[in-house]
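A.B. asks: Work out the full structure: start from the sequences and follow the hints.
2 protein chains.
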Amino acid sequence: MKIAILGYGVVGSGALEVLTKYGYDVKRVLDIRPHPELGDKLTSNYDDILNDKEIEVVAEAIGGLEPSHTFVVKALKAGKHVVSSNKHLICEYYEELHGLAKENGVTIRFTSAVGGGIPWLYNVKRSIRCDEINKIMGIMNGTTNFILDAMITDKRDFDEVLKEAQALGYAEANPSADVDGLDTGRKAAISSSIAFDTVVKESDVSIFTMRTIKKCDIEYIVEKLNKTVRYLGFGIKSEKGISVFVEPTLLSSDALESNVNKNFNMITLFGESVGRLSFYGQGAGKYPTGNALAQDIIDIANGARSVRFNDKKINVDNGLVNRKYYIRTSCDASFSCFESEELIDGNRYIVTSEISVAYMHEIAKIISEKDPASFYAGIEE
Amino acid sequence: MKIAILGYGVVGSGALEVLTKYGYDVKRVLDIRPHPELGDKLTSNYDDILNDKEIEVVAEAIGGLEPSHTFVVKALKAGKHVVSSNKHLICEYYEELHGLAKENGVTIRFTSAVGGGIPWLYNVKRSIRCDEINKIMGIMNGTTNFILDAMITDKRDFDEVLKEAQALGYAEANPSADVDGLDTGRKAAISSSIAFDTVVKESDVSIFTMRTIKKCDIEYIVEKLNKTVRYLGFGIKSEKGISVFVEPTLLSSDALESNVNKNFNMITLFGESVGRLSFYGQGAGKYPTGNALAQDIIDIANGARSVRFNDKKINVDNGLVNRKYYIRTSCDASFSCFESEELIDGNRYIVTSEISVAYMHEIAKIISEKDPASFYAGIEE
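Heads up: the sequence lines are chains A and B, in that order.
If you read the first sequence in the numbering used here, its first letter stands for residue 2, the second for the next number, and so on.
If you read the second sequence in the numbering used here, its first letter stands for residue 2, the second for the next number, and so on.
Among the hints, erroneous ones may be present.
Identical chains blur together in the list; that is why a pair holds if it fits in one copy or across any two.
[Said to hold, decoys possible] Keeping only pairs whose Cα atoms sit at most 20 Å apart, straight-line, the calculated SDA-like set for lysine to any residue is: (1) K126 x D300; (2) K75 x L101; (3) K228 x N262; (4) K22 x G286; (5) K287 x N135; (6) K78 x Y94; (7) K225 x S341; (8) K241 x L226; (9) K202 x G242.
Since the hints were made in silico from the structure, they are not lab data.
In this text, all values refer to a predicted model and were calculated from it rather than measured experimentally.
C.D. replies: Printed below as a string of structure tokens:
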């Protein structure tokens, strides 16, 4: 079985190295940049791959929506299996790509799109063969975990740590996709789609940014509330539907996530029969993510063909889950759900009663209009 | 594909329930006790299963060496696939059973034998398809973790917590296999056999008991050394061979294992390309372990057939790994590796320089002859 890799960036080059070392035949690599070390493997013309009947698996590691989407659709229609590390693509076109895979008798796999080197999605798929998942949650973004961990450990402020993360290459020049939660949101949507056997869209996910967190929040959370904080994606199933959201989250200091440090990820499922299962590892990087992409290809080389896809959509409603919240704001608005409150240096530190995710995100809109620097975090019991 | 389950105890009944719920056909259950609720499924005669050509998978959940060994050997020779949750059996007959499976063109799987519901062994097998594992380590025994966690959290002594664990059903009336490390030792041996593609025997594993730990150790470890303690199994690869050992282990309080509480397990691999991957979940119990046994069967039903087994044995030598140790003893023997030492209430609290596992276990023999109540723990940096 011959393989083509689309995109010779961080992930693509890692996957090529891993696959070659273990004897898998990567016949072609698509990239528009020159890479003399690739010799004849390199092409900038996708038709060389599409029209090559020997190539049975196309591994997309370009990222972004285009030309990835066009390439992947063409590959599936040409009867080639697809693996991808591209969370944006998978989240946006989940339904279309699964439908095309089924139609054309091929498979699509994207373990490396969530959690980098962690075989998370693979194990979620394996799990639901004989279990019902009620909840998924996790640290799915290494950049934001690096920032929070450094803020807590070294008592530093957000801007300073963000700059360091950028200098280290952990954060982009424009960090919005990470710190404003879009990246985690897409990963929570994809994870929920698999775990609950449905289709969750990016627009279904309620998101609180983590960029408004300040040193004073960390102090209050650690010293007064005796908790710690992580940036978590959630998918929770209840009788009437599912809720999917991304929030800074207060955790007790002996929670497993509280010891997930630096840029590591940890993602968890709660199965009816298996109970809690957590998966921890490197959420990004050339070799971890390249390894995960290679593993998906090896599954296909070993005969994996199934595409589980249920287009009966489950209702997504973030009004179905209730939790307590922490709010820090200088805005003077008050709501009946404010259970306790402390005023320090002009900031109100509020803990709410249990309210729905949807309601809290409504309240936050009102508060943030008056004080855009306000910070919100769910409290995980 | 029809299935037979051997043994209708905790794990067997859990697996039956899970498999039946998800539409898998368990045709026979072998048990010598009456179970009217099983109706015609129940048999006490193994020949009913062995001679039934419709039954393609035999799931052994009896435990112990006999009659499990005889039954499993007969199943493999009859061309039936075998899954097992029996760590004792797998550890003792690893080589024979893999050889028989290969010879007879069937597969053998035993994910549920290590880590209960955690898909640990399954993922180790998947991992080594395109990675090299350098080290495995983990909390592989829920009973001892429950005891250590309760001793630390509630500042109680070993005997008292052991009694509670026995009352709760977490510990056996004779707790030796758990607290003296045989259970973890077998799991470390099996995990190392898979991770390093070799055969590690029970007798290869160096083991320190954890039953000599006292309240005074916990106090010293937590308050003076600013660490915590867990009971860990290890397999470590170096150029000249592998080391496999089980030891109480001092960990920094922000290590992931330090937040593994109650009777949970966490097992970790370190892969050359994937980095650190950790797996956390319920290490025992009817539904978690039953679920893991069922998952192995579903893999086979879905076509999994490979038996990876390398009978070129790698040298096992516990002299190859060096680490620091903590020793608490009233014995007055001294060794040049004793780096620091404190005397409190007649007990010497010693930290050694880096010495080999093999050498430390030699020293411990000498010390324990004079003071059998001495406690030893490795220090994980």
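A.B. asks: Are the hints correct? Go through all of them and say.
C.D. replies: The hints, checked one at a time:
1. K126 x D300: both (13 Å within a copy, 12 Å between copies)
2. K75 x L101: within (10 Å within a copy, 46 Å between copies)
3. K228 x N262: Classified as both: same-chain Cα gap 15 Å, cross-chain 17 Å, threshold 20 Å.
4. K22 x G286: Result: close within a single copy only, 18 Å intra versus 40 Å inter.
5. K287 x N135: between (32 Å within a copy, 19 Å between copies)
6. K78 x Y94: Only inside one copy: K78 and Y94 sit 15 Å apart there, 49 Å across copies, limit 20 Å.
7. K225 x S341: Only inside one copy: K225 and S341 sit 13 Å apart there, 38 Å across copies, limit 20 Å.
8. K241 x L226: neither (33 Å within a copy, 51 Å between copies)
9. K202 x G242: Result: close within a single copy only, 14 Å intra versus 50 Å inter.
Violated hints amount to a single one, hint 8; each of the other numbered hints is respected by the structure.
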